[in-house]
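Q: Sequence:
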Amino acid sequence: MSTFKSQFINIMVERGFYNQCTNESGFDDYLYECEKSGKPAVGYLGSDPTGDSLHVGHIVPLMMLRWFQKCGHKPLTLVGGATARIGDPSGKDKLRPFLSEETLAENIKGLKKSFSKFLKFGNGCNDALMVDNWDWFKDINYLAFLRDIGTYYSVNRMLTMDSVKSRLEREQPMSFLEFNYMLLQGYDFCELYKNYGCRCQIAGSDQWGNITSGTELGRRKYDVELFGFTSPIITDSNGKKMGKSEGNAVWINEEKLSSYDYYQYFRNIGDAEVGKCLRIYTDLPLDEIKKLEALKDKEINEAKKILAFEATKICRGEEEAQNAQTTATNVFEQGMAGGELPSLTLPSLENISVIDAFLQIGFVNSKGEARRLIKQAGLKLNDAVITDENYKLSSQDVINGQIKISQGKKKHGLIKVK
RNA sequence: GGAGGGGUGGCAGAGCGGUCAAAUGCAACGGACUGUAAAUCCGUCGACUUAGGUCUACGAAAGUUCAAAUCUUUCCCCCUCCA
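Going from the first sequence to the working numbering is simple: count from 1 and add 1.
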């Protein structure tokens, strides 16, 4: 059942991306007109370069933009070179530390890379474009800004915004600097409208206040209706935000996280999340997803493999996904050592204790931790539990040129000797 | 500028001269049960260690004391109220 006229919104609703829209029917009409006439709508997603890679928590809006592009529209990815220098107060209690110019430049490069995995960039009419709000903020004059933009904002209203209100209620400090963040983001939206005809912004629901800041500014300053469209926060069954594995973020860029680990993150998703994740993190058609999520008990593992493969494919490419899958199958189903596992190459096995090996491959942070894990029967050498914490590696442990070491059930690695 | 409150482990938050490597909760990790799931239960959770200890840590520095997260002084930072 299609309740909307535009292809894009229908997809968003069907796949669980739709949370809130500033004007549902207005946006639908607008997109429908664009889709019908073949003239792409322009929409943007903003990210502040506070890190050098996006992570799984950012994928939801990225996938939304990906569908947006698939529906024939033009995505803009805005990196907040300027806004990162301010800090978005949404959902935070503390002012974030300032970043150096070099870090910002590095981070922007990293974000471009992350974006390009999900979107097609180029010069075609619906190819994605990267823009940086530093371009229009760096030379802005304070008085001019106050007069042009400040006149449209009421402090009374700003104080009621969630990002501000929650800080005040929790008696956490909020600097004037951060207080201005929403003005900048509002200005961004209008600049993109002015320069690219961009009329919609896609973002996570925590950005609602910043989005309406832009749509209101657009209405007052340019007398145009801008649209905001947000995704729900995707949580697991415990209500926790997705995107952390072993306490670490699941990064999009490969130099921050191997494809094997990326694959494993999705492979280990909870049963209850499989359907939701298939809809959000893969491009698979809905009828196929329906079949997969209907699987029960052990069989749902098949769905998880497909999820992991498809999700990895989008982000890391088909070959990497295939390799990750092969490794995972070898390790978990055949009990063998696979090629994509983290590995450590040693010049020789002389005087290397098992503890050193685990320390050097980075599975443990200290020798004490390794000893503790041995006491708890948590470390394995070639699939046999290590009982002697003073055990030294020897050539007898080498099988097919490598030694397999494991921590717990899921963390496996290889030691190779030159 | 004035008055008061506060800065403790990844986070939250006790402790307020020795028994404190620091209660408790969350997170994390290992084990059991399973399906590389969830829930549950048990265990661990500063570093080094010849396992007896040693070292580093309660915003920073100096001091008092046999002994300091705890007392004193100075400095830095934050919050609240007043001007």
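Derived from the structure by calculation, the hints contain no laboratory data. Be careful, since some hints might not be right.
List time: in silico SDA-like cross-link candidates among lysine to any residue, alpha-carbon distance up to 25 angstroms [as the list claims (entries may be wrong)]:
#1 110 - 27
#2 381 - 320
#3 139 - 34
Simulated restraints, written as ranges between beta carbons of each label pair [to be verified]:
#4 391 - 233: 51 to 59 angstroms
#5 378 - 102: 46 to 54 angstroms
#6 327 - 368: 32 to 40 angstroms
All C-beta atoms, glycine included, are put in the ideal place defined by N, C-alpha and C.
Q: Taking the earlier hints as the rules, which of them does this structure contradict?
A: 1, 2, 3
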